Amino acid sequence: MANTSGRVIGVNGNMVSVEFDSAISKNEVGYILLGDVKLKGEVIKINKNVASLQVFEMTEGISVGDSVEFSDEMLSVELGPGLLQQIYDGLQNPLPELASQCGFFLQRGVYLDPIPNLDWEFTPSVKVGDLLRPADTFGTVPEGLFTHEIMLPFSFADVDWKVTSIKEKGTYNVREEIATVEDPKGNKRNLTMVFTWPVKRAIKTYEERLRPDETLVTKIRIIDTFLPVAKGGTYCTPGPFGAGKTVLQHMTSRNADVDIVIIAACGERAGEVVEVLKEFPELTDPKTGRSLMERTIIICNTSSMPVASREASVYTAVTIAEYYRQMGLDILLLADSTSRWAQAMREMSGRLEEIPGEEAFPAYLESRISEFYERAGKVRLKDGRIGSVTIGGTVSPAGGNFEEPVTQATLKVVGAFHGLSRERSDARKYPAIDPLGSWSKYVGIIAANKVEYARSILFRGSEVNQMMKVVGEEGTSIADYVVYQKSELIDTCYLQQNSFDPVDSSIPIERQRHVFDLMFTVLAAKYDLESKKEVRSFFNTLRQKFLDWNNVEFKGERFSQLEGEIKKLYKGKFVQFDHVAEKLM
Amino acid sequence: MMQKVYSKIESIVGNVITVRAEGVSNGDLAIVTTSQGTSYANVIKLDHDLVSLQIFSGGQGVSTGDQIRFLGVPMRVSYSDNLMGRVFDGTGKPRDKGPSLTENMVDIGGPAVNPAMRIVPRNMIRTGIPMIDVFNTLVESQKLPIFSVSGEPYNQLLARIAMQAEVDLIILGGMGLKYDDFLYFKDTLEASGAMSRTIMFVHTASDPTVECILVPDMALAVAEKFALDGKKVLVLLTDMTNFADSLKEMAITMDQVPSNRGYPGDLYSALASRYEKAVDFEGAGSLTILAVTTMPGDDVTHPVPDNTGYITEGQYYLKGGRIEPFGSLSRLKQQVNKDTRDDHRALMDGMIKLFASYKESVEKKSMGFMMTEWDEKLLKYGALFEEKLMDLSVNIPLEQALDLGWEILAECFEPNETGLKSDLILNRWPKKSVD
Ligand SMILES: Nc1ncnc2c1ncn2[C@@H]1O[C@H](COP(=O)(O)OP(=O)(O)OP(=O)(O)O)[C@@H](O)[C@H]1O
Ligand SMILES: [Mg+2]
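Line by line, the protein sequences are chains A and B. Just so you know, the first sequence maps onto residues 1 to 585 in the numbering used here. Just so you know, the second sequence maps onto residues 1 to 435 in the numbering used here.
Worth flagging that the hints you see were computed from the coordinates, not collected in a lab. Treat the hints loosely; a few may be bogus.
Said to hold, decoys possible - Below 35 angstroms or equal to it, Euclidean Cα-Cα: the simulated DSBU-like pairs (lysine-lysine) are:
{"no.": "1", "chain 1": "A", "residue 1": "Lys429", "chain 2": "B", "residue 2": "Lys359"}
{"no.": "2", "chain 1": "B", "residue 1": "Lys421", "chain 2": "A", "residue 2": "Lys450"}
{"no.": "3", "chain 1": "A", "residue 1": "Lys532", "chain 2": "B", "residue 2": "Lys388"}
{"no.": "4", "chain 1": "B", "residue 1": "Lys377", "chain 2": "B", "residue 2": "Lys359"}
{"no.": "5", "chain 1": "A", "residue 1": "Lys450", "chain 2": "A", "residue 2": "Lys526"}
This structure is a prediction, so every number in the text was calculated from the model and none was measured.
Modelling step: build the complete structure from the supplied sequences, incorporating the hints.
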């Protein structure tokens, strides 16, 4: 079949106008022929016989009259075994392979096979004559930690496909034919371990979507205890520059209790990706004892890489996540930063001369953001297994002001909001999540009413602090001052967590519960303290002990020792429990 | 390459002209000959046979009958050791009395480094400034701007760091540079003998806008080549706000919809593609970028500092002649401060936390509240901190600065008031103060 061709009639930044001769479709991929080099682009607008091609490369050197080939395929990703541990650009180009071909610099027009050409040990799970529907498994291969299921391509018609041949157990190349199927009309198709799927279309081959009702443990205290995330849920992390969004995501990517983590570095610094690249292979996943890299996929379209493929990169990431969910796995997708993706849409929209909305973002910004987060979800597959895709996105609001289009549109759709505050990060209170302004609709690891109690102390403590700024410490009652000190204690010793301390950087649930219990007891108690000076000194000592406690190994000798010291300390001044708290204990 | 000459300019708007021509490629360079002389121009848009070019020397005085000759190549810069000690303008023409250089031309604005080829930065750059070395360590291959209110001595700070840093080569990109400041850099570099390993691309306040836009690309293209050749290169860019303002002017000429206070929607990408040139090449040299971003109205949320902050690896916030601990940040510091001294990190965090409390006490005091004993301690601490560590005249090695930090703490606090870990206190707390 001869594909449509065309010729360039205009160039404006990365938007190239192409006059074409026969039929093309929106989101179809086209290539501009520049000598021996082919530059990839996606059709994003068609007007009569002129297509607007968003080119994923620098457009220098393109001339009016250059030939264009259309591919008859939508912008797609390759799915199959071998995706894990890969480092892709936004269009699923494998960056390490690209480096071994092209050296230090990215070279435009070089597109390599996304799925590495490897052999896999295939075990069929169906026999000739069996019937398959799209996404039904017909065999498996072991991929590192997982049993990778080889499925009937999702794009096949939803009819019964009869297996007409299937290879027996053995080692086959990923692109080798391993089975043939036939639809009721007798159309035959060959199957390999690889198939493609258009990135902008959600994969919906599951049975039903479920409520995200299980905590996704991140081992970050302020999140798991106070602002939990759920498997299959969505959350966002807006914050001004330097507030700690990326560090938080990196911590999460290491420690999150999921099967696979996909990191989408979207329009941010290349150096940050490198840290992950170099560290992950060295780090062991405590759950599996294997290298963290084995459960990680990186989609990396950093800020100096072409803007158009930045737009595509988040879709590439979420499509791969949905694919693995279809195998009954829990996947966490971390996108940093969704604002850069939104800006890529804005640049494109500007070049298309669309009517701009607020801050020149296109009018469809909100619907694009909600469509993206909608692709998260906990699902039950047709065979009853459960899988989930959780999406966490950072937002980089202009001027750190959350009243801007991307933050606002995101807040409408997510289930948890971890807002980072400049004030906290300036004071080095990390993670700088504002405990009062943030929220979560999901269930955490500790009884909600206890958390509520602790949170109420934080609120009151902050009120007292505000008041002290007006009336001074001298105008504050001892009782209020104690509340303030208690709120500082939770803040310093529980909410704050040192990401660079080997122990404190990841706190398992068991330890969080253990520490929270004692913290709660300390908060719930009323103390016999005469003066503010005495209050301050008492809480200073407590704080010191808690901090030391946080930095020692769980249930080690020193841990019990410090726990004993804390208990002794608070009992020394203990009068009675606050009756509200006592009921919760 | 065939070079056709066109002499029918269809429109002249700001610095952008359009002309009907064929066989022209996006990004190509052209020479425009006007009554005032010749200027380079480059192709920024193609629409059928209508070609838009931005004229480097500006649109003033261009007439519709002027001649345009397309060169069939993109903008390039010469690269060789002959550049050392030389001063050029934004288009690469000599500003000094030396010869023009045309050998070994390399493209500017070349492709990005493959992230998979990058390495984790690992070498500290010592500056002798405690606010940098202790609190926000500068690292080789870092990209870091100085955020400054106009009127602050940012160029002096830039020059001082450049002098003190152990690098092979300094490349200065001046944008909208005041002539006095240009001379200041030149004199300082010459006085210290560093001029022979310096290359300057200078656009001064009185030069055409378009040339301002070219300066970072010229400087960085040359720097990248030297880095690939194994040199440790330090690029100084001052002032990036002028660069951004030039982009704004161009965008408005091109009728682009502005996103924020008149700046184009791609300001982030435009700045990022320059700053991301900072890199440490495995097996070769490195490129470190130290820039100046003046903040109009001391407003860090202004689009230029704001977008910059989202791109760079931290910033030094210069205010009142000092590097402020708040607002300043080196994001790469943790790559190197784990290997300097065991107390470096903890002391850094602890001292800043206390300094934050000091600021609160100052605020309380200014509102006329009674100062508690704790406030008094903090006030004493803050004063010592500002005098002994923050003052820019202080010039001591890191280790000495750390020791000084402990001394200041011991002079003001009891160990358990510092929030520092007990074992560290045991090792480092100056002995005389432990009773
Ligand atoms: N949890 C943490 N513990 C210690 N330091 C931290 C923590 N989080 C952030 N930091 C410090 O703050 C710096 C900036 O953090 P990070 O890069 O995560 O910010 P960001 O919000 O992603 O900024 P940007 O929007 O510019 O990308 C880090 O380099 C580190 O020095
Ligand atoms: Mg970040």
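Comparing the hints with the structure gives:
1. A threshold of 35 angstroms between alpha carbons decides the hint, and for Lys429/A with Lys359/B the separation of about 15 angstroms falls inside it, so the pair holds.
2. This hinted pair checks out: Lys421/B and Lys450/A have alpha carbons roughly 29 angstroms apart, not beyond 35 angstroms.
3. Taking the CA atoms of Lys532/A and Lys388/B, the gap is near 32 angstroms; set against the 35 angstroms cutoff, the hint holds.
4. Distance check on the hinted pair: Lys377/B and Lys359/B sit about 12 angstroms apart at the alpha-carbon level, within 35 angstroms; holds.
5. Annotation: proposed proximity of Lys450/A to Lys526/A holds, straight-line Cα distance about 17 angstroms (limit 35 angstroms).
Checked against the numbered hints above, the structure violates none of them.
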